[in-house]
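Student: Sequence:
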Amino acid sequence: MTSKEIRTAFFNFFQSKQHQLVKSAPIVVKDDPTLLFTNAGMNQFKEYFLGNKSSKFPRIVDTQKCLRVSGKHNDLEEVGVDTYHHTMFEMLGNWSFGDFFKAEMIPWAWEFLTEELKLDKDRLYVTVFEGDK
139 MTSKEIRTAF FNFFQSKQHQ LVKSAPIVVK DDPTLLFTNA GMNQFKEYFL GNKSSKFPRI
199 VDTQKCLRVS GKHNDLEEVG VDTYHHTMFE MLGNWSFGDF FKAEMIPWAW EFLTEELKLD
259 KDRLYVTVFE GDK
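Going by the working numbering, the first residue of the sequence shown is number 139, and it counts up by one from there.
Treat the hints with caution; some may be incorrect.
Calculated lysine-lysine pairs in the DSSO-like style (CA-CA distance at most 30 Å, straight line) [said to hold, decoys possible]:
| hint | residue 1 | residue 2 |
| --- | --- | --- |
| 1 | K184 | K259 |
| 2 | K240 | K184 |
| 3 | K240 | K194 |
| 4 | K155 | K203 |
| 5 | K256 | K240 |
| 6 | K142 | K256 |
| 7 | K203 | K168 |
| 8 | K194 | K142 |
| 9 | K203 | K256 |
| 10 | K240 | K259 |
Simulated from the structure, these hints should not be mistaken for lab results.
When you get a sec, could you build the whole thing from the sequences and use the hints?
Tutor: Structural data, given as structure tokens:
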């Protein structure tokens with residue numbers, strides 16, 4: 139599959155689960171003095187996670203353009219060293235703002251990977267963290 143096909147499949151899958159498709163936020167952050175660039179898919183939803191705002195939609199799916207060139211998530215030093223670090227990339231995301239949690243999401247993730255993307259379930263490894271820290 140191409141990246142475009144994966145992106146489309148991801149959007150379609152989560153829209154079938156009543157997620158609203160929203161646009162990527164700008165890569166240059168304007169209203170957050172703690173960030174110069176969007177470096178993670180959750181940045182545009184920060185105010186929802188902090189409880190400062192409520193989302194218009196309880197479920198969202200998106201792709202977020204991200205740039206990691208400084209700070210904790212600095213991939214700039216790794217570009218060219220390996221085959222998977224890039225400074226700019228798109229991060230696919232699906233979000234719930236108080237609407238569902240792990241009991242719904244874990245089976246959906248498995249369904250997307252094994253039924254939509256047709257990944258061989260025998261080649262996937264699942265791990266569980268059973269602690270609270």
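Student: Hint by hint, say whether it matches the structure.
Tutor: Okay, the hints, checked on the actual structure:
Taking the CA atoms of K184 and K259, the gap is near 34 Å; set against the 30 Å cutoff, the hint is violated. Between K240 and K184, the direct Cα distance comes to roughly 20 Å. Compliance with the 30 Å bound is thereby established for this hinted pair. For a cut-off of 30 Å, the pair hint linking K240 to K194 stands: about 22 Å separates their Cα positions. With a C-alpha separation of about 23 Å, the suggested pairing of K155 with K203 holds against the 30 Å cut-off.
A hinted pair counts as satisfied when its Cα atoms are at most 30 Å apart, and K256 with K240 qualifies at roughly 22 Å. Using a Cα cut-off of 30 Å, the hinted pair K142 and K256 holds, with the two alpha carbons roughly 16 Å apart. Under the criterion of a C-alpha separation no larger than 30 Å, the hint pairing K203 with K168 is consistent with the structure, at around 15 Å. Under the criterion of a C-alpha separation no larger than 30 Å, the hint pairing K194 with K142 is consistent with the structure, at around 27 Å.
At most 30 Å may separate the alpha-carbon atoms for a hinted pair to count; K203 and K256 meet this at roughly 26 Å. Restraint check for K240 and K259: the C-alpha separation of about 20 Å stays at or below 30 Å, so the hint holds.
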